[in-house]
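> Now for the letters of each chain:
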Amino acid sequence: MKNNNKTIITIITILTISSCSKEDPKQPLPNNPQEVLTTILLKGYNQNDSLNTNYQFAYKWEDLDGDGGNLPVIDTINLDSGIIYTCKIIILDKTKTPFDTVSIAIQEEKNVHQFFFSPSANLISKIKVEILDFDTNIPSLPVGLSFNLNTKNNQSFTTPILGSLNMVLSHYDGVPKTIDKSSESDIDINFPVKLK
Amino acid sequence: MKSIVFFALTFWCFIFINNAIAQQNQTFIIKGIITDSVTKKPLANATIILYPNQTISYANEQGMFEIPNVLVGKYQLSIDYLGYHPALITIKIPLNEPLIIALPSEENHLHDVIIATDKKLSISEYSLQNHSVLDAKKLDILRGQTMGDMLKNMAGVTLLNSGPSISKPVIRGLHSNRVTVLNNGIKQEGQNWGADHGPEIDPFAINKLEIIKGASSLQYGPEAIGGVIKISAKDFKQQNGISGTYSLSGFSNNWQVANSLFLEGNHLKKQNLSWRFQASYRKAGDSKTPEYVLSNTAFAEFDLGTAMQYKFKNSIIEYSFSYFQSSLGILRAAHVHNVSDLQNTIANGKPSVINDFTYNIGRPKQEVTHLINTVKYLYLFKNSSKISVDLSQQINNRKEFDVLSFLSMNSDLKDKPAYDLTLTTNQITAKYEHKKFAGFKGVIGFSLSNQGNYATGKQFFIPNFISNNYGVYIIEKWNKKHWQAEGGIRYDWINFTRYINVNNEVLSNDLNYQNATGSLGLTYLVNTNLKIIGNISTAWRAPSVNELYALGLHAAVTSYEQGNSNLIAEQSYNTELNIKYNQNKFEWDASIYHHVINNFIYRLPSNTYNTSFRGVFPVFNYTQTNAILQGFETNLSYQIQKNISINSSYSFLYATDLSRNIPLIYMPANRIQSGINWQIAKLKKIKNAFIQINHQYVFEQTRIPAGIDFTNAPAAYQLVDFAFGANDFTKAKINWSIGMQNAFNNCYRDYLSRYRYYALDAGRNVFIKLSIPF
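First to last, the protein sequences are chains A and B. Residue 194 in this note's numbering sits at position 194 of the first sequence, and the numbers go up by one each step. Residue 19 in this note's numbering sits at position 19 of the second sequence, and the numbers go up by one each step.
Next comes chain A alone, as it looks inside the complex (with noise of 0.2 Å):
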């Protein structure tokens, strides 16, 4: 009996010991999501303003405080018929110092990335999207970084028409990439266009 207890007192020992691990509960790391984008850009420039070929717009969707809490705070895309603009999408991390420009692994990554445009039914026949970017698989497919927003076959209207734009980042992980969005959306936004 009492060897026994010897035997018990010191395997219960060796378990408390073996318990005291680094990873103490109390001491929680800082929870702070590492994998966000908070700012999603749309810079583009007016194609008929020759002498202005800097970019002369610069249209934001910004979540400032990630998944949850407030909403995003988006722009308005203010379009004008008859003119081709020139845009490319610029996306950024603000929680990072300094901003972190996220969009470049998209570049990097273009063959197996594509952005797809899609506005709403009553601009579609309005709105015509061209992308301007390719990969580098062949066939060459779209990207979608650069792209033209043609407005050229309206006439002005005179009261704006109100619609949207959506725009999907798809990623062709284990998939081939085609020209159809894959079943994963790494970004699935919509931004409110006024067309005059």
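It is worth saying that the hints were derived from the structure and are not from the lab. Note that the structure is predicted; figures quoted are calculated from it, not measured. You can trust all of the hints, since none of them are fake.
Some chain B residues judged to face chain A by a derived CB distance under 7 Å, without partners named:
| id | residue |
| --- | --- |
| 1 | VAL336 |
| 2 | ASN338 |
| 3 | SER352 |
| 4 | VAL403 |
| 5 | SER405 |
| 6 | PHE406 |
| 7 | LEU407 |
| 8 | SER408 |
| 9 | TYR454 |
| 10 | THR456 |
| 11 | LYS458 |
| 12 | TYR499 |
| 13 | ASN501 |
| 14 | LEU553 |
| 15 | GLY615 |
Partner residues aside, some chain A positions facing chain B, computed with beta carbon under 7 Å:
| id | residue |
| --- | --- |
| 16 | GLU35 |
| 17 | GLU109 |
| 18 | GLY174 |
A virtual CB, placed ideally from N, CA and C, is assigned to each residue, including glycine.
Given chain A, put chain B in place with the hints provided.
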């Protein structure tokens, strides 16, 4: 106090009886057999002590024992077997017949030791709570398969599947934190809350599987609302020597190979040092449905377990260690981002990603390790009372890896898991069982548990916490003639503290829960063939960490989850009536239950949407309701001929959210299972051959709340399984079997398959199994 009085009184009775023994000269032999009162399996190596002589003997492999050189007179025999209630019986020498002693296992509270000196007398069974057992013999045919496969043919038990690699047992509609898994007496503690977190247990090491259905917090603590699954390893070897078994199985559906080496030994003159060792490894590739490969459902698992036991004169000490490691692929197509992606996948009717078969495990995947250290100590008093103390430590680590998005493809986040959770649990349980006194027999015990969770990874779906749980209980049982009764009460305290880091400042919140539970059971034995058991029991459960504090995107279920720290504990009241009839060739049992769970916690869509750059997600909140689960189960088996038997079982469940007056979501569909078993004593050169055919029909779940799920419940389906085997192959002693699951390669989706939105369940699976004892 009560038990001390019992103890003292028993002690004096014992002395008195001892002194009363007459002395005579002629000697006799005491012969007997010791069996399990339910399964009638012989209890090899049970310890038999003859008082007052204190002669110790052990039962042999057939459960038989002999004590020679006993004089005429009155004696007491104490029979002990680990995991069983000890027995102390009085005998008169000479005996006219060999003794038949049926020991009740510890789980069967109402069981009492049954002693018969006439072999014709049937050894009947009693059970307070609905209790089913799959013993080694029944498990042999399922050896090498997953725990889910072992469980799924039991009435009232279904599976919650997350692809072919992950399944969780569901007892009468309840699972995860509402079902307690006891692994060799220790409560298994992983991240139990997750529906896609399977139990971390080596299926090869399961020698006996028991299910207790219904609320059983009394003995097993909070959380045992739905029931308990008890897993037991093989008993320690009791004869000197070393032996072992090598098992090898192959499965065609996912080209899985599973093998396990088991070794056991017993040493020293008194045969009091025993050990066992088991190492298992399995590797599986992608599973297949009849139509396509389920890409990225490969998995691999490695297990190691060892245990040692040393028997002193009056006590037993045991140490065991086990390590579990698995890497599990998650169906690639089940990783969709937002609601429109999910709707497109459902509309397509097949997975969006289908690749060629591979053993590679890509993302998304889970990597899990589980370590258990246990020390058990048992002290046997001379009057057959006993004290047992179990100490254990478990360390569970779970890493879940998501599909890489462009946000982490080129950064140091690339190899970082989405979640990395380490859960450490220390438990102490102790109990004192007093011997039978004045018709009462009972146990008093306590349990302490300390649990700490540490979270890291890319996002914290659940936070760090420390949880302490204390419980005390007393259970007493009584029997007289045709009546058996058992009752008990328990009290538990839970302290739960969450720790979060906000701007490098640690914030903690403290939550406290406490509750009393009780149970009362009554059995009436109408005659040796028929008995009626009634039981009322209560149970409770404190909200789990995800229900309290989950926050974030749950990609696998396309939802944004929000915990609710104002949730209160669930309280359950279970009433059950069970009838058992047993007459030679015919066995029938039926049970009807009515299970009320107040403050039942479940996830419901809040009708709000979370808009993020990933798109739109429905927000799910944890809400509470009063739920009611009513059901009926019946089992029937009939021996048509000496070697042919048929069996059939039916389970029915009707679950309602009383507050909203809608059906409870995600409840298993009703099902009928039937089988035929043909034992062939000799088939040419093959010995002990058997043929088994099993059929299962699963109804469509028609009770679903409207407008909550993303799609309708799948249609009814049926499956046919087939097996043929024997335990003798030419002259070598090899157990083997071949068989087929889903023999007709049917296409189906089960309502409780979490990936039914994306893909069919697995198709035909041909298996071959060998086990070679040495």
